[in-house]
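A.B. asks: From first to last, the protein sequence lines are chains L and W. For the first sequence, the working numbering assigns the number 1 to the initial residue and increments by one for each residue that follows. For the second sequence, the working numbering assigns the number 1 to the initial residue and increments by one for each residue that follows.
Honestly, the hints are just simulated from the structure, not real lab data. Any given hint could be a false lead.
[Said to hold, decoys possible] Just the calculated beta-carbon pair ranges, DEER-fashion:
#, chain 1, residue 1, chain 2, residue 2, range
1, W, Ser-31, L, Lys-2, 48 to 58 Å
2, W, Arg-258, L, Ile-16, 15 to 25 Å
3, L, Pro-30, W, Lys-32, 14 to 24 Å
4, W, Thr-329, L, Pro-3, 46 to 56 Å
[What the hints assert, rightly or not] Partial pick of chain L residues on the chain W-facing surface, computed with a CB cut under 8 Å:
#, residue
5, Ser-34
6, Leu-35
7, Ala-37
8, Asp-45
9, Gln-46
10, Pro-51
11, Glu-53
12, Val-54
[Said to hold, decoys possible] Pairs of lysine-lysine, DSS-like flavour, derived with a Cα cap of 30 Å:
#, chain 1, residue 1, chain 2, residue 2
13, W, Lys-195, L, Lys-58
14, W, Lys-51, W, Lys-322
15, L, Lys-61, W, Lys-195
16, W, Lys-66, W, Lys-51
17, W, Lys-66, L, Lys-58
18, W, Lys-261, L, Lys-2
19, W, Lys-51, L, Lys-61
20, L, Lys-58, W, Lys-322
21, W, Lys-195, W, Lys-228
For every residue, glycine included, the Cβ atom is placed at its ideal position computed from N, Cα and C.
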Amino acid sequence: MKPMIDVIAEALEVEIETLNEHLNDFRQHPHWDSLAALNLIVLIDQYYSFPLEVDQMKNAKSIKDLESLVTRS
Amino acid sequence: MYSQFSGFKIHSISTVCPSSISTNEIIGDLSKEESERLAVNIGITSKYVSKTEGEGLLELFYKASKRSLEIANVESSEVGLVVVLSQSSDLGSPGISSRLHEKLSLSKDVLVFDVNLGCSGYVKGLHIAMSLMKANGISKGMVLVGDVLSTFEMDEKKLRPLFGDGVSSTVLEYSTLFETSKVSFELGSDGKGWKAITISKTNPPVLEMSGLDVMTFALREVPESINKNLEKSGFTLNDIDTVVLHQANSLINTALERKIKRTDLPRALKEFGNTSGSSIPLVLTTVLGNEYFSQNRKIILSGFGIGLSWGSCIIDIQQGLKTSHELVTGN
Numbered sequence: 001m002k003p004m005i006d007v008i009a010e011a012l013e014v015e016i017e018t019l020n021e022h023l024n025d026f027r028q029h030p031h032w033d034s035l036a037a038l039n040l041i042v043l044i045d046q047y048y049s050f051p052l053e054v055d056q057m058k059n060a061k062s063i064k065d066l067e068s069l070v071t072r073s
Numbered sequence: 001m002y003s004q005f006s007g008f009k010i011h012s013i014s015t016v017c018p019s020s021i022s023t024n025e026i027i028g029d030l031s032k033e034e035s036e037r038l039a040v041n042i043g044i045t046s047k048y049v050s051k052t053e054g055e056g057l058l059e060l061f062y063k064a065s066k067r068s069l070e071i072a073n074v075e076s077s078e079v080g081l082v083v084v085l086s087q088s089s090d091l092g093s094p095g096i097s098s099r100l101h102e103k104l105s106l107s108k109d110v111l112v113f114d115v116n117l118g119c120s121g122y123v124k125g126l127h128i129a130m131s132l133m134k135a136n137g138i139s140k141g142m143v144l145v146g147d148v149l150s151t152f153e154m155d156e157k158k159l160r161p162l163f164g165d166g167v168s169s170t171v172l173e174y175s176t177l178f179e180t181s182k183v184s185f186e187l188g189s190d191g192k193g194w195k196a197i198t199i200s201k202t203n204p205p206v207l208e209m210s211g212l213d214v215m216t217f218a219l220r221e222v223p224e225s226i227n228k229n230l231e232k233s234g235f236t237l238n239d240i241d242t243v244v245l246h247q248a249n250s251l252i253n254t255a256l257e258r259k260i261k262r263t264d265l266p267r268a269l270k271e272f273g274n275t276s277g278s279s280i281p282l283v284l285t286t287v288l289g290n291e292y293f294s295q296n297r298k299i300i301l302s303g304f305g306i307g308l309s310w311g312s313c314i315i316d317i318q319q320g321l322k323t324s325h326e327l328v329t330g331n
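Turn these sequences into a full structure, and let the hints steer you where they fit.
C.D. replies: Structure (structure tokens):
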């Protein structure tokens, strides 16, 4: 399974290293915008077959939060 | 909801867009780089937008409907049903259908009405027309779908780049001669999601859309609707020549193509953008066209959007379907 940090980096279209400062608040990354959010929903569906809901994404603060959401399913 | 019909032939599909082009080179106050990134992600570089009075919804529908009758070789006096599906009429009431009735000089012995629907309108319009034609023994009918959304207020960065103007007219016939021709529908609605896309009743109307909610809705419902339809109809994707999805934006369409496991699907997004209910007909006329329909085809059409509302149909298109596409200039 693709690590969540890789998936988020792909959604943001950035290098993984740039996320090191934002492990606990990935939505504060300077590249985070509505397009990145759309990409993230698509990529989580693609890599984890998980139908991420908008509220779930908004409530997830850290990368770990997202990870545990999709692995719980 | 699943239903099946037989005995219908689609004679013609005509699409019309206004001739003014609006490009996505610079969007709102985004930089050139940001605009390019957005254009690549949504897959839309330009779209046609209405600029003058002569390019209003009624005029576009009139031109499309006249043309579809001409190429189908059907007289307006033969038409027994006209259903118009749109959400951008300039008049609250009566509907576009009443004014088209006058302009097309239709007979009084005809059923005409409007339905307030957007991106799922083409599939739902075919279903409504076929249901009524079969129940009432109406031989010839027309389904008119489309919108002029460019005159609406909307978010200049997130929404303006997506939407183009366009309409379509489809002429169909019900007859025992076409009994071997089958169509099956799988239709759905979810009012819980109505806030995801709204159009206000202000002047000008304001279009609002939550892209995230639409994305999750489309990923959840569209593949399921297509798969259910295939299963109930006893087909697999291998039996289908092509799938024409509503042209929402590249992100959604690519994700849907991956989920339904067909990545070779025709698109008209780049040139036309998201043209609401006319996006499926625009693919049929501008990407597939007369040559594609010179032989019998079994295709899937899938629309989804405001409501929330969605529908898919598996339809036999008999060879010789006539298609036409025009750009029109107003006054």
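A.B. asks: Which of the stated hints cannot be reconciled with the structure, identified by number in ascending sequence?
C.D. replies: 1, 17, 19 and 20
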